[in-house]
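Engineer: Here's the letter readout for the chains.
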Amino acid sequence: MALTREQMAQRVAQELQDGFYVNLGIGIPTLVANYVPADMDVMLQSENGLLGMGAFPTEETIDADMINAGKQTVTTVKGASIFSSAESFAMIRGGHVDLTVLGAFEVDVNGNIASWMIPNKLIKGMGGAMDLVAGADNIIVTMTHASKHGESKLLTECALPLTGKGCIKKVLTDLAWLEIENGAFVLKERAPGVSVEEIIEKTQGKLIVPEIVPEMVFA
Amino acid sequence: MALTREQMAQRVAQELQDGFYVNLGIGIPTLVANYVPADMDVMLQSENGLLGMGAFPTEETIDADMINAGKQTVTTVKGASIFSSAESFAMIRGGHVDLTVLGAFEVDVNGNIASWMIPNKLIKGMGGAMDLVAGADNIIVTMTHASKHGESKLLTECALPLTGKGCIKKVLTDLAWLEIENGAFVLKERAPGVSVEEIIEKTQGKLIVPEIVPEMVFA
Amino acid sequence: MAGFDKVVGSYEEAMAGLKDGMTVLAGGFGLCGIPENLIAEIKRKGTMGLTVVSNNCGVDGFGLGVLLEDKQICKMVSSYVGENALFEKQLLNGELEVVLTPQGTLAEKMRAGGAGIPGFYTATGVGTPVAEGKETKMFNDREYLLEESITGDFAIVKGWKADRYGNVVYRHTAQNFNPLAATAGKITVVEVEEIVEVGELDPAHIHTPGIYVDRVIVGQFEKRIEKRTVKEA
Amino acid sequence: MAGFDKVVGSYEEAMAGLKDGMTVLAGGFGLCGIPENLIAEIKRKGTMGLTVVSNNCGVDGFGLGVLLEDKQICKMVSSYVGENALFEKQLLNGELEVVLTPQGTLAEKMRAGGAGIPGFYTATGVGTPVAEGKETKMFNDREYLLEESITGDFAIVKGWKADRYGNVVYRHTAQNFNPLAATAGKITVVEVEEIVEVGELDPAHIHTPGIYVDRVIVGQFEKRIEKRTVKEA
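Residue numbers (this note's numbering), protein chains in the order written: chain A, 1 to 219; chain B, 1 to 219; chain C, 1 to 233; chain D, 1 to 233.
Calculated directly from the structure, the hints in this document are not laboratory data.
Just so it is clear, the structure is predicted and the values come from calculations on it, not from any experiment.
Please note that a few of the clues may not be correct.
As the list claims (entries may be wrong) - To list a few chain C residues with every Cβ distance to chain B over 10 Å, as calculated:
1) Thr51
2) Leu92
3) Arg111
4) Arg164
To be verified - Listed next, the in silico BS3-like pairs over lysine-lysine satisfying Cα-Cα at most 30 Å (straight line):
5) A/Lys169 <-> D/Lys186
6) B/Lys78 <-> C/Lys186
7) B/Lys169 <-> B/Lys206
8) B/Lys170 <-> D/Lys137
9) A/Lys124 <-> C/Lys161
10) D/Lys134 <-> B/Lys121
11) D/Lys223 <-> D/Lys161
12) D/Lys134 <-> B/Lys124
13) D/Lys71 <-> B/Lys121
14) C/Lys231 <-> A/Lys78
15) C/Lys43 <-> A/Lys124
16) C/Lys43 <-> C/Lys75
17) C/Lys134 <-> D/Lys137
Ideal Cβ placement from N, Cα and C applies to all residues, glycine included.
The whole structure should be built from the sequences, with the hints applied where relevant.
Structural biologist: Below you can see the structure in the form of structure tokens.
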């Protein structure tokens, strides 16, 4: 079975380490915050200018001046810091964030990512996505493996305009965990109950399938 | 009579305007702070990271953590701000300081300035001088008109390695107030009792002498 | 210190000198920390042909969105311009030009503009449409883009508290682009919720030193929330 | 938040991993805000062949000057290196290389290093010996120099207060280069006068967010004054 959005978030959360500073994009990445292991602490960075993002506020504590990069009202955790957007992107561009999780339309075997622009559709802008993919060493892209029409999103070469070039090494889809190495996707894990054949069929770019492809394990 | 150091500071102080942010270099420029007119307020910027430098402290209030760019212990005035050296030079480089006063070894008719390095002598470094001359629009150079041996410091072309190129428009020497325009020094004022002839004699670079060269007036 | 008293008494005075065709840098991220009343004054004034540099363009009927109603903006430099039907319409009509700029690059362009740095290199945007027409250069085997700084004729900024000298502090994440815009305006106007006595702000806690600020005005703010998210009590 | 607890118990631990030939960025201006005890630990450790990036090199017998005694520094990147006879001797002997860098350019090089900006343009130094061997470029009819950023294997920083997460505030003008160095070390070590509870520092007043900091240690400081100037009482 393909992973649910919650399971995808859970799988990404397994990549967290105690003491990680993490930037989570909008959508599935945001859900990762719900699955931080109990024995572990991570601090969430929000690119508008906040390190140490906390939970949503209550009706009583809601504050228009306290929002995250998704423009949602949030709170801070103890030990948070707040700064300008230039300082925030200094952290991001300077490679100080330990893990960045974000969505995409397409990735390819050379680690290119397209996530912000579909020609002939209205272009809303890239926000901080280009800075995030260019600045981070450790990025996980989360997306469905193929479109609703069955078209693969793991390609030989991205067809859409890029968000970043050669930036991506790890991809979690609803079907598989893959890493990009030497111009190919390497199939590392498959979703429980999903066959290697289905993954091969839905991967357009070069795919390396090791002899053993374990199923993902969820706690 | 050639101006004293105090008179030079007094003459520079006549260029101050109410509300000016001013950076004063070491030596004569520092003395300018003593001659701010009573009906006028200026704020002193110190390039280590202080806007709103006050007087020296007393023995009781002296604090090793509160110094100016000359490494002297100082105080702050009300409304001061303290920041990093990057922010400090953002102000300087970005042209936000209204007036910069600094010393020099030589200036020339093209507004070049040499103030930091004498070949074959020990080079101690330029500190913030290169940033100051490159960043400011409004700079006054204070220096003696000629060396002790009578050699002019107002030249056709600086002989010493430069601190900045084409940066200087105003020079106050112990003999004269000059402005640099179109490749020449223009003699604007002379020190009380100093003859135009003496200034001509001690100026090596092209000098334009208007018909009337008023004496400086001190309050 | 009369020469340093930057407080003005009216919004008209605050935006005096703004003329057709000028470039305005605006602080704010989404609807958070936007100079609501300075924007409203630009609308009232009816200044046309503006280039506006701001991370977003507000929403329909609020924030910078109100300047679209009379087509006062001809060019927008932003990282994200969704959530605005009128914007979309004018963009598709060709009445509005938009220069999409990555958020971090936009922030750094403003900072650089204020800091006298005409250009800097960043890996952001390499190999993307953002790189079109821009110089690139290799540093340590990686390709970087040359990005040029941005300055404005006016910067409009929303602070929390300021003193009369124009020293400003921002509240929470309403800081965002505000201190960057503040450094890069030929004329920088800051509107705040409160004016405090000179000396009340700790020198080490001032976000925007007064040297960057030309005018200060105190205003009333709606502070509309764009995405109200709360947890179950 | 065990994973974010950056406090170490000894200076040995604070500087663990420093090896011969490494580059160390040091905060401080003159003798103000220098990481005295981290410098002393480098002397005790006897690490050789260091490149040190710091605005100054201390004085004879104090600050970075003590690292000259056993010739531990082979290259110094500074804006001003006066007030130090041993420095002068080693420089004239050819035992020490010095790269003189304008103060503002040095500050910006560190900031850029921490911010992932490999190079930037500045008018500072155009037409001077600083420009030798550097690319220049025209922006708006003015010539600018390309300056490359600086990063270090270690950054040694002197703060005032820090919490266990490495959030730091600086005291008065002891801030200077410290927050810049802090961003640009592969390993950033901060020594402070006081460790406070997490949550005690106002999020809006933190000068160096903990994300830049790897180790924190609390120390005792001499805080020597270089030029004691007082007014008549």
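Engineer: All hints are to be evaluated individually against the structure, with a verdict given for each.
Structural biologist: Hint-by-hint comparison with the structure:
no., hint, verdict
1, Thr51, "20 Å, holds"
2, Leu92, "38 Å, holds"
3, Arg111, "8 Å, violated"
4, Arg164, "8 Å, violated"
5, A/Lys169 <-> D/Lys186, "22 Å, holds"
6, B/Lys78 <-> C/Lys186, "25 Å, holds"
7, B/Lys169 <-> B/Lys206, "14 Å, holds"
8, B/Lys170 <-> D/Lys137, "27 Å, holds"
9, A/Lys124 <-> C/Lys161, "33 Å, violated"
10, D/Lys134 <-> B/Lys121, "25 Å, holds"
11, D/Lys223 <-> D/Lys161, "15 Å, holds"
12, D/Lys134 <-> B/Lys124, "22 Å, holds"
13, D/Lys71 <-> B/Lys121, "23 Å, holds"
14, C/Lys231 <-> A/Lys78, "18 Å, holds"
15, C/Lys43 <-> A/Lys124, "24 Å, holds"
16, C/Lys43 <-> C/Lys75, "16 Å, holds"
17, C/Lys134 <-> D/Lys137, "14 Å, holds"
Violation of the numbered hints given earlier is confined to hints 3, 4, 9; the remaining hints are satisfied by the structure.
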